[in-house]
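Each chain is listed here by its residues.
There are 2 protein chains.
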Amino acid sequence: MSRVEVEKKVLNENQILAEQLRERYRQQRILCVNLVSSPGSGKTLLLEKTLERMDKGARVALLTGDLQTENDAKRLAKFGFPVKQIVTGGTCHLDAKMVERHLADWNLEDLDLLVVENVGNLVCPSSYDLGEDAKIVLLSTTEGEDKPLKYPSMFFKAELMVLTKIDLLPYVPFSAELAKENARRVHPGMEILEVSSTTGEGLEAWMDWLRKRQQQKSEKVLTELRG
Amino acid sequence: MSRVEVEKKVLNENQILAEQLRERYRQQRILCVNLVSSPGSGKTLLLEKTLERMDKGARVALLTGDLQTENDAKRLAKFGFPVKQIVTGGTCHLDAKMVERHLADWNLEDLDLLVVENVGNLVCPSSYDLGEDAKIVLLSTTEGEDKPLKYPSMFFKAELMVLTKIDLLPYVPFSAELAKENARRVHPGMEILEVSSTTGEGLEAWMDWLRKRQQQKSEKVLTELRG
Chain L
1 MSRVEVEKKV LNENQILAEQ LRERYRQQRI LCVNLVSSPG SGKTLLLEKT LERMDKGARV
61 ALLTGDLQTE NDAKRLAKFG FPVKQIVTGG TCHLDAKMVE RHLADWNLED LDLLVVENVG
121 NLVCPSSYDL GEDAKIVLLS TTEGEDKPLK YPSMFFKAEL MVLTKIDLLP YVPFSAELAK
181 ENARRVHPGM EILEVSSTTG EGLEAWMDWL RKRQQQKSEK VLTELRG
Chain F
1 MSRVEVEKKV LNENQILAEQ LRERYRQQRI LCVNLVSSPG SGKTLLLEKT LERMDKGARV
61 ALLTGDLQTE NDAKRLAKFG FPVKQIVTGG TCHLDAKMVE RHLADWNLED LDLLVVENVG
121 NLVCPSSYDL GEDAKIVLLS TTEGEDKPLK YPSMFFKAEL MVLTKIDLLP YVPFSAELAK
181 ENARRVHPGM EILEVSSTTG EGLEAWMDWL RKRQQQKSEK VLTELRG
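Going down the list, the sequences are from chains L and F. All residue numbers for the first sequence refer to this note's numbering, where the first residue is 1 and numbers rise by one. All residue numbers for the second sequence refer to this note's numbering, where the first residue is 1 and numbers rise by one.
One or more of the hints may lead you astray.
Unchecked claim - Listed below are the simulated BS3-like cross-link pairs for lysine-lysine, each with C-alpha atoms no more than 27 Å apart in a straight line: (1) L:8 to F:8; (2) F:74 to L:9; (3) F:8 to L:97.
If you're looking for bench data, these hints aren't it; they were derived computationally from the structure.
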């Protein structure tokens with residue numbers, strides 16, 4: 001079997017498992033989002049600020065992936081919501097099997113929102129469906145405006161781009177307009193939010209996006225069930 | 001053949017080719033460095049500043065890798081040294097075959113230094129030997145101090161870490177001391193330089209490092225040849 005064939009087989013197996021996860025989320029009307037970005041774009045900090053703003057009774061859980069360390073799970077666990085670290089041990093992306101295994105002892109009936117924080121990598125996670133409703137790509141203002149053009153697959157597959165670290169705009173040679181233009185060149189009509197987890201700017205719009213997306217999903221499923 | 005076996009075979013084939021490249025560099029006493037980092041850590045800007053500071057007659061050439069676009073080659077070509085873009089078309093790393101193919105019409109006798117700028121990815125490029133003398137990993141002050149712990153393979157394999165964007169230290173919650181401590185936890189004794197390509201701070205030490213490393217390599221080869 002050639003390398004390409006093996007790769008295809010692995011991706012097909014992943015796809016089957018991802019569809020099973022998607023169906024489980026659908027039955028429970030859970031919104032699952034898959035956060036992807038370069039290392040250090042601010043995924044974990046954005047999630048800390050997100051959990052801080054959640055109602056105490058919010059039905060949210062998080063899976064956070066890294067090659068090594070439990071650092072992110074520790075950072076996220078302090079808000080009292082269920083969190084698990086997925087340590088890939090060197091693998092450059094999460095796959096559906098890892099997600100399924102880490103969900104095993106959670107009761108999905110208790111959730112409305114499942115957030116998966118992928119390994120920091122703008123390339124490989126774009127090939128692995130985790131059964132999510134939406135990929136969300138973060139791009140920070142310190143990374144350069146050309147990243148959507150250089151990593152088009154990720155920006156094409158993501159439903160939303162969150163431009164992070166906008167508090168640093170005065171100190172970096174970065175045009176938010178050009179970055180957004182580049183994102184929409186590879187993904188016309190892409191939704192884009194701008195946030196600073198440090199100052200809090202844009203966080204309300206981000207919370208609204210999550211809330212509305214979850215409602216939308218829930219209503220869609222209910223309509224299908226009635227249909 | 002299982003996926004692991006195929007992966008091993010691909011890596012073995014890469015290793016054979018990498019050793020051939022290494023031997024060619026040795027014969028010509030060329031220093032080859034392989035720059036790796038997250039997307040947007042400042043590899044290309046550091047190389048622009050490096051070329052700007054080179055003597056006009058410097059015997060240097062560059063290969064720069066990206067999934068898509070010729071942007072980086074265009075940025076680097078304006079200094080008058082030979083530059084080629086390697087477009088991987090989606091592949092998350094450079095391999096030895098890509099390097100060999102792009103070197104084909106260059107005369108290695110004309111070079112003292114070959115710089116390879118890898119795809120922006122802190123994971124996959126660590127597995128692919130390009131025949132380089134040294135991997136150099138860049139970490140920018142906007143990425144967080146924990147990256148060496150989360151991506152240990154890359155920091156373990158790199159001879160030198162260049163901490164970039166130190167001009168942003170006043171504006172980001174980043175401890176350079178902790179980042180260096182973390183790098184040396186995964187790679188004891190690792191060499192570390194701190195630079196700002198924007199203000200120029202640290203660039204002389206970086207140029208010195210390259211110069212000395214090239215001399216060292218050249219003298220080592222001459223000693224072996226005399227031996």
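Hints and how they fare:
no.: 1; hint: L:8 to F:8; in the structure: holds, 17 Å
no.: 2; hint: F:74 to L:9; in the structure: violated, 38 Å
no.: 3; hint: F:8 to L:97; in the structure: holds, 22 Å
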